[in-house]
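Novice: Sequence:
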Amino acid sequence: MTSSPEVSVVVPLFNEEESVAILQSELSAVLKGLDYEIIFVDDGSVDRTVERIEPNANVRVIRFEKNAGQSAAIY
Numbered sequence: 001m002t003s004s005p006e007v008s009v010v011v012p013l014f015n016e017e018e019s020v021a022i023l024q025s026e027l028s029a030v031l032k033g034l035d036y037e038i039i040f041v042d043d044g045s046v047d048r049t050v051e052r053i054e055p056n057a058n059v060r061v062i063r064f065e066k067n068a069g070q071s072a073a074i075y
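With our numbering applied, the sequence shown corresponds to residues 1 to 75, in that order.
Since the hints were made in silico from the structure, they are not lab data.
Glycine included, C-beta positions come from ideal geometry on N, C-alpha and C.
Treat the hints loosely; a few may be bogus.
[What the hints assert, rightly or not] Just the calculated beta-carbon pair ranges, DEER-fashion:
#, residue 1, residue 2, range
1, L23, N67, 16 to 22 Å
2, G69, S4, 25 to 31 Å
3, S28, I62, 30 to 36 Å
4, R48, S4, 29 to 35 Å
Model the full assembly from the supplied sequences, consistent with the hints where possible.
Specialist: The structure is reproduced here in structure tokens:
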């Protein structure tokens with residue numbers, strides 16, 4: 001991945017441990033062949049959302065300690 005990818009996808013998350021791995025897999029499949037990044041913003045989840053994210057060079061995770069709402073997570 002270059003320092004400035006062609007596509008950046010920002011995904012706000014809150015207690016999504018059941019679905020985040022599937023979402024990551026689907027996004028990666030759709031974006032395959034592009035220079036992309038997926039930025040997961042964990043908005044104070046109290047479950048294992050972050051632990052379910054598969055680390056790789058195209059993924060970044062930002063964590064908030066407290067839930068501030070979807071708008072704050074993508075701002």
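Novice: Hint by hint, say whether it matches the structure.
Specialist: Results of checking the hints against the structure:
1. Distance hint check: the CB atoms of L23 and N67 are about 19 Å apart, consistent with the given range 16 to 22 Å.
2. In this structure, G69 and S4 meet the distance hint of 25 to 31 Å, their C-beta atoms being roughly 29 Å apart.
3. Take S28 and I62: their Cβ atoms lie about 18 Å apart, and the range 30 to 36 Å is violated.
4. Between R48 and S4 the beta carbon distance is about 32 Å. The supplied range of 29 to 35 Å therefore holds.
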